[in-house]
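Novice: Go by the hints and put chain P onto chain R.
So the sequences go chain by chain: R and P. Numbering follows my numbering, with no gaps: position 368 of the first sequence is 368. Numbering follows my numbering, with no gaps: position 368 of the second sequence is 368.
Because the hints were derived from the structure by calculation, they are not lab data. Hints may contain errors.
Since the list gives no way to pick out one identical chain from another, each pair is judged satisfied if it fits inside one copy or across any two copies.
[Stated by the list, open to error] In silico DSSO-like pairs for lysine-lysine, Cα to Cα no more than 27 Å straight-line:
no., residue 1, residue 2
1, K124, K28
2, K139, K124
3, K117, K139
4, K124, K69
5, K115, K28
6, K28, K117
7, K117, K69
8, K28, K69
Number of protein chains: 2
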Amino acid sequence: MQPSTIERGFAVEEFENRTRLAQALMAKQGLAGMLLTSEAELRYFSGFQTLFWQSPTRPWFLFIPDSGKPIAIIPEIGAALMRQSWLDDIRTWSAPAPQDDGISLLHELLSPLAKSKARIGLPKGHETSLRMPLGDWEKLVSDLTGLEIVDATAIVQSLRMVKSAAEIEKLSHICAIGSATFAEVPVFANVGQPLEETFRAFKREALTQGADDAPYLVGSSGPGGYIDVISPPGRRPLQTGDVLMMDTGCAWDGYFCDFDRNWAIGQADDESRRAYDVLWRATEAGLAAARPGNTCRDLFQAMSAVITEMDSSGGDIGRLGHGLGMQLTEQPSHAAFDQTVLKENMVLTLEPSLSYGDGLMMVHEENIVVRANGAELLTVRAAAELPII
Amino acid sequence: MQPSTIERGFAVEEFENRTRLAQALMAKQGLAGMLLTSEAELRYFSGFQTLFWQSPTRPWFLFIPDSGKPIAIIPEIGAALMRQSWLDDIRTWSAPAPQDDGISLLHELLSPLAKSKARIGLPKGHETSLRMPLGDWEKLVSDLTGLEIVDATAIVQSLRMVKSAAEIEKLSHICAIGSATFAEVPVFANVGQPLEETFRAFKREALTQGADDAPYLVGSSGPGGYIDVISPPGRRPLQTGDVLMMDTGCAWDGYFCDFDRNWAIGQADDESRRAYDVLWRATEAGLAAARPGNTCRDLFQAMSAVITEMDSSGGDIGRLGHGLGMQLTEQPSHAAFDQTVLKENMVLTLEPSLSYGDGLMMVHEENIVVRANGAELLTVRAAAELPII
Chain R
1 MQPSTIERGF
11 AVEEFENRTR
21 LAQALMAKQG
31 LAGMLLTSEA
41 ELRYFSGFQT
51 LFWQSPTRPW
61 FLFIPDSGKP
71 IAIIPEIGAA
81 LMRQSWLDDI
91 RTWSAPAPQD
101 DGISLLHELL
111 SPLAKSKARI
121 GLPKGHETSL
131 RMPLGDWEKL
141 VSDLTGLEIV
151 DATAIVQSLR
161 MVKSAAEIEK
171 LSHICAIGSA
181 TFAEVPVFAN
191 VGQPLEETFR
201 AFKREALTQG
211 ADDAPYLVGS
221 SGPGGYIDVI
231 SPPGRRPLQT
241 GDVLMMDTGC
251 AWDGYFCDFD
261 RNWAIGQADD
271 ESRRAYDVLW
281 RATEAGLAAA
291 RPGNTCRDLF
301 QAMSAVITEM
311 DSSGGDIGRL
321 GHGLGMQLTE
331 QPSHAAFDQT
341 VLKENMVLTL
351 EPSLSYGDGL
361 MMVHEENIVV
371 RANGAELLTV
381 RAAAELPII
Chain P
1 MQPSTIERGF
11 AVEEFENRTR
21 LAQALMAKQG
31 LAGMLLTSEA
41 ELRYFSGFQT
51 LFWQSPTRPW
61 FLFIPDSGKP
71 IAIIPEIGAA
81 LMRQSWLDDI
91 RTWSAPAPQD
101 DGISLLHELL
111 SPLAKSKARI
121 GLPKGHETSL
131 RMPLGDWEKL
141 VSDLTGLEIV
151 DATAIVQSLR
161 MVKSAAEIEK
171 LSHICAIGSA
181 TFAEVPVFAN
191 VGQPLEETFR
201 AFKREALTQG
211 ADDAPYLVGS
221 SGPGGYIDVI
231 SPPGRRPLQT
241 GDVLMMDTGC
251 AWDGYFCDFD
261 RNWAIGQADD
271 ESRRAYDVLW
281 RATEAGLAAA
291 RPGNTCRDLF
301 QAMSAVITEM
311 DSSGGDIGRL
321 GHGLGMQLTE
331 QPSHAAFDQT
341 VLKENMVLTL
351 EPSLSYGDGL
361 MMVHEENIVV
371 RANGAELLTV
381 RAAAELPII
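Next comes chain R alone, as it looks inside the complex (with noise of 0.2 Å):
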């Protein structure tokens, strides 16, 4: 087990920070307000970590002012949870409330700006969703006649893409754990295991290495390799000359890995291991490009100029790597579309792929830190060549 004599949670000053700096880009844009529906989003302002998002049941807000801290806006239930953070304003209903789910402690919030003509940001940009009924939203909005809402998509992504020390901690913790859990797969992955036998013994592998859980896990097994990615697992059992691929999203403190690790079963064909080689140096030609000031285009052409040695596509992945943090895949892309600056701070995966063969794939990635000199890798690096179980 990895040791774990890291905190859980936050010091307020990480919070203090992470609104100031909003705050500062807020004024930029004068906006009087942002508002705030997603997981990601709340957990990023107040610190409120829980699982129980995942009843879609409730709506949960959040609203930064202009000055001072967050304001939320949440159901009783989640009440006791989030007065341990650092909030002070907390305004509940009892939710469910399928005629007010909120909206009239929203109304009232946001009531007074309308009637000023303000100005408030909204993320309803590249990969935000509002996380409400869009029927609630669409009477907010027409009963704030005078409020001009807009895009603050970058406000938020800008922010969560460079992380602070706090959150690199965590980042590497869980990508250690996740390693060590990949050291173990020839272990315990054997020919004639079903594949989801194989995928149950990892998550198990990864409690007991340390990870909060394992919420993501996907991959294929095929012979001389596989043709999808983000399957789940069947009763197939692993057999000699399958290439099995298992790409998996750990968590630690509400923080993830996100990388993937490749084996041959018994043995290996020189199509598989061609492949596989051309994406290893593809990841090292990515290392070396993942330096600050370099953008995350120019991660992507390193990497793409590698994987066209066998695939002139390029896959159709739609992008070689991003971000990762408190989700599984965050802001940047690496994509020719995407020409952010590389930071010191910001922690991505690189993820190239290729096709080869018959409708064949393979995935290779790896999870780093950017330093002032370059990349620093969280995960323990794959093996040179194509491993055999």
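Specialist: Okay, now just chain P, sitting in the frame of chain R:
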């Protein structure tokens, strides 16, 4: 381990039935189609099952036309998996593409309907949310003048509330796994064990018992009782005199159990014993009331009448149970506001709760299927008296 000879997935007829029933309800509302964006909605009509939804990056769309099979508009990364479904018309784009994440494909599909001033449905009511960037939705709607978009929440929820035999088989299986896991708690939970370790042991046991995962596990342990029911576990060790509660949503093949159990550690005080007894009897009252023809309100009142013996407020969880299926919580709600009539083959939780002592609370939960002659337990009924570990 619970034997699992049950088939994963569903026969095509299951999806044909769901689609035909939806189309009949759509016809009553004069809908030319229905647009869906969430995980459970897409899975319900297509069978498309993946944990990849945990990544917020890519939107996914399913359109149910007024006749014929659903049409999928999805990121290319999901194409191989979706092609294994019963759908024929699968339209993909290389996502992420922040400038056009499926929007032009949606526009192409919907613009003929907009030209003919057709009406389509979109779930935008209680317990729903639009899983796509709000900005993209606003753009799409403003480009499709003529298209009338109405709330289709009731269509999807009324169908999903009543389970098929194949769904009940899966739900029964995961409830049996949950029960077998809870039965082991006295074996692995010990005085001095940090609560986070008790939780890890629970999840390992659930996997050993055959769960695909235990994505939801919340609970508390505190002297004489607990004050919160949605917290993640901390490092405080279990202590003699604690009341421990764990509430789990384990999953098998995409279907959930959702129930909890309480234990006293070492010894139980009179107040906790009494609270437990009241909740146990409230559940009995719920079991007796859970028959076709009664309403959710009846079920609420039957349980509430018993809870009142000890707590006149009935706590503030907001309801005393809910539907259960592809999500941890589904419609309906056992609450005074919900007049949904219970039907045969609804799968429900009975979840009475109360406040007592100095800010303490207790919750109790069982899972049932409503049969023609009344409630059938899917969970192994909790002990009649507060068990002591």
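Novice: So, for every hint listed, does it hold in this structure?
Specialist: Hints, verified against the model:
{"no.": "1", "hint": "K124 - K28", "verdict": "within (18 Å within a copy, 33 Å between copies)"}
{"no.": "2", "hint": "K139 - K124", "verdict": "both (17 Å within a copy, 11 Å between copies)"}
{"no.": "3", "hint": "K117 - K139", "verdict": "both (18 Å within a copy, 23 Å between copies)"}
{"no.": "4", "hint": "K124 - K69", "verdict": "within (23 Å within a copy, 31 Å between copies)"}
{"no.": "5", "hint": "K115 - K28", "verdict": "within (22 Å within a copy, 41 Å between copies)"}
{"no.": "6", "hint": "K28 - K117", "verdict": "within (17 Å within a copy, 42 Å between copies)"}
{"no.": "7", "hint": "K117 - K69", "verdict": "within (22 Å within a copy, 47 Å between copies)"}
{"no.": "8", "hint": "K28 - K69", "verdict": "within (19 Å within a copy, 49 Å between copies)"}
When the structure is compared with the earlier hints, no violation turns up for any of them.
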